[in-house]
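Each chain, letter by letter, is given below.
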Amino acid sequence: MTTAAPATGSDRSTTGPQSTAAGRLLALGRAEATLLLRNRTALFTAVVLPVVLIGSLRGMLKKQAENTPGLDVDSLLVYGSVGMILAFVVYYNLTAAYVGRRGELVLKRLRTGEAQDLEILLGTAVPSLALGLLMSALIGIGGSVGLHLTVPVNPLLMLVGLVLTLATMIALAALSSAFTKTVESAGITTLPVMLVMQFGSGLFVPLEVMPSQLADVCRLLPTTPAFQLIRVGWFGTDGSAAATDFLGSWAAAAPHLVTGTVWLGLAVWGAVRYFRWEPRR
Amino acid sequence: MEKSHPARRDDSVIEVTGLHRRYGTGTAEYHAVRGVDLTVGRGELFALLGTNGAGKTSTMEVIEGLAAPGAGTVRVLGHDPFAERAAVRPRIGIMLQEGGFPGELTAAETGRTWAGMTSGARPVAEALELVGLGHRADVRVKQLSGGERRRLDLAMALLGRPEVLFLDEPSTGLDPEARAAVWRLVRELRAQGTTVLLTTHYLEEAEELADRLAIMHGGQVVTTGTVAEVIAGRPSRITFELPERLDPVTAGAALPVLPGAEVTVDGLKVTVQSTGLQDTLTDLLGWARHHGIALGALDARSASLEEAFLAIASEAAHQAPPQAPTGPTGPARSARSARSARRLIGSAR
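Taken in sequence, the protein lines are chains A and B.
Quick note: the first sequence uses the numbering used here, first residue -14, plus one each step.
Quick note: the second sequence uses the numbering used here, first residue 11, plus one each step.
So that you can see chain A by itself, here it is in the shape it has in the complex (with noise of 0.2 Å):
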């Protein structure tokens, strides 16, 4: 061991910078996406999964449209990949790194430091968000080219139902990893969301191709909201009318934007009453 340097109050504003909100997101974004590249597993489940479940939603969506006329398989397939993609990569991931972390004890020893806790929550979610909008873009633009999709309607319409999608998945993340012991049995707990997220949110199953009643009980499920706004930014239309223009888009979103910014608020609100910073003794 050497010599400590001097821990006097003069000497500590020459040693080095001030740690803001932004340097300590990035800092815990790159020991998280580190952390991302060494484990297989989650590595696999968040890149592989995903483009596997987008073959079979091509089966099924052309199936669905011989019983369905007119039914717009392309821009449904892009669509639904988009949705799943961020459900695998952002919700599944990040509840698994929330319980290996709290595991590791690694999110009670982060609160000893400088950072808040909403910046620690985000700070772990930065790999998972930045891989999924990267696959989101990939697949979207991608697809959009080569299936010769229409340019998005109401592209700032389709930013807030991004967003809010991202928000709900970080906040359902945090609220479920409260009820997941191990990263092991992450993959059971996440099952209820994952499951309502592709067949209730109209991601593995049109809502237009489910009997009408239906399609309003799966309108009002927590995560359907925030993808269909996703869907009526880009397309004009969440399936259940005519396509409109840029202002009646917005028309067409006011439900889901009310019924998404409820089930976010409630989503954000468990998650504050329910995440553990570390494990139950």
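Please keep in mind that the hints were generated in silico from the structure rather than gathered at the bench.
These numbers were taken from a predicted model, which means no experiment stands behind them.
For each residue, glycine too, the CB sits at the ideal point set by N, CA and C.
Heads up, some of the hints might be wrong.
Straight-line alpha carbon distances no greater than 27 Å define the calculated DSS-like cross-link-like pairs of lysine-lysine that follow [unchecked claim]:
{"hint": "1", "chain 1": "B", "residue 1": "K279", "chain 2": "A", "residue 2": "K93"}
{"hint": "2", "chain 1": "A", "residue 1": "K166", "chain 2": "A", "residue 2": "K93"}
{"hint": "3", "chain 1": "A", "residue 1": "K166", "chain 2": "B", "residue 2": "K152"}
Here chain B is said to cover these stretches of chain A; the calculated rule only asks that three of the stretch's residues, wherever they fall, bring their Cβ under 8 Å from a Cβ of chain B [as the list claims (entries may be wrong)]:
{"hint": "4", "segment": "14 to 22"}
{"hint": "5", "segment": "93 to 100"}
{"hint": "6", "segment": "109 to 119"}
With chain A fixed as given, assemble chain B onto it according to the hints.
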């Protein structure tokens, strides 16, 4: 070791008044901290001692600002560490009882992450060098030994050159060499003006390092002061074994009268507690020479912090009837209760 006393009460860095902390509610409620008062002056090294479950860590967590006090007030550097954490955290360093670093990151990567979240962070290499981990920078945390992980934890606590350092059992799990090195480092930091509050199981650690200490038991501070103050008035101890040729039943009666000493006989084993070690020892040795008795395994020692601690812990245990059965009375009392206190130290909460 020479110890100065830089603590000035008007310049206190940590002030705790009437601190209470409870866990759970209703019948499951556990009252972990029951009215603790503490003052730690600038540049002082203060040790918090206690049996397991005495409330040391619960007290530390509130002072560190990790939890709100159930009742009472806590001030660190003049601020409420929980409500005003943004003002306090950049100026303090915390080392918890157990790690909390991802196993798949290397020591250097862990340092880089923490440096990114710490105001005025020193270079990571320098921090690792401080704790003797420079050569282990590229090793993943999961491959570090338990002692190396403790030192990494210490390095992270020192990263921001804190004015106040909180160490929760800093040398638990360290081998003797690493422990000595940590002690040297803590002494250096203190010499440079860092205020240190540490908890420890090792009484030797407190004796070596602490300017002042407090012994906790059952959520309360039982005694506080300098090591000398805490030891003062505690008896020295002489132990020996009588020769086997003596009858174990009557051997005790052959012992001389030792004024001011308390004698406990257990078969041929004898324990003498005395406030005047030299006189008692002289009497005892004169008696042994006169009768031609060889005292086996003879050991005489001045009052130590350990003796004081055991006695205080057992006294405290006996003052709180619901927590421990009443001990036996008479000459055997102190020896027996010291043994029960030993068990107390060894038992988990």
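(message) What's the verdict on A:K166 and B:K152, does the C-alpha distance respect the 27 Å limit or exceed it?
(response) Status holds; Cα separation ~21 Å.
(message) A:K166 and A:K93 were given as a pair; does the straight-line alpha-carbon distance stay at or below 27 Å?
(response) Status holds; Cα separation ~16 Å.
(request) Take a quick look at whether B:K279 and A:K93 sit within 27 Å of each other, Cα to Cα. (result) With Cα atoms ~50 Å apart, B:K279 and A:K93 exceed 27 Å; violated.
(request) Take the segment 93 to 100 of chain A, compare each residue's beta carbon with every beta carbon of chain B, and decide whether three or more fall closer than 8 Å. (result) holds (count 8)
(request) Quick one: see if chain B covers the segment 14 to 22 of chain A, three-plus residues with Cβ-Cβ under 8 Å. (result) holds (count 4)
(request) Examine the segment 109 to 119 of chain A: at least three residues should have C-beta closer than 8 Å to a C-beta of chain B. (result) violated (count 0)
Checked against the numbered hints given earlier, this structure breaks hints 1 and 6; the rest are met.
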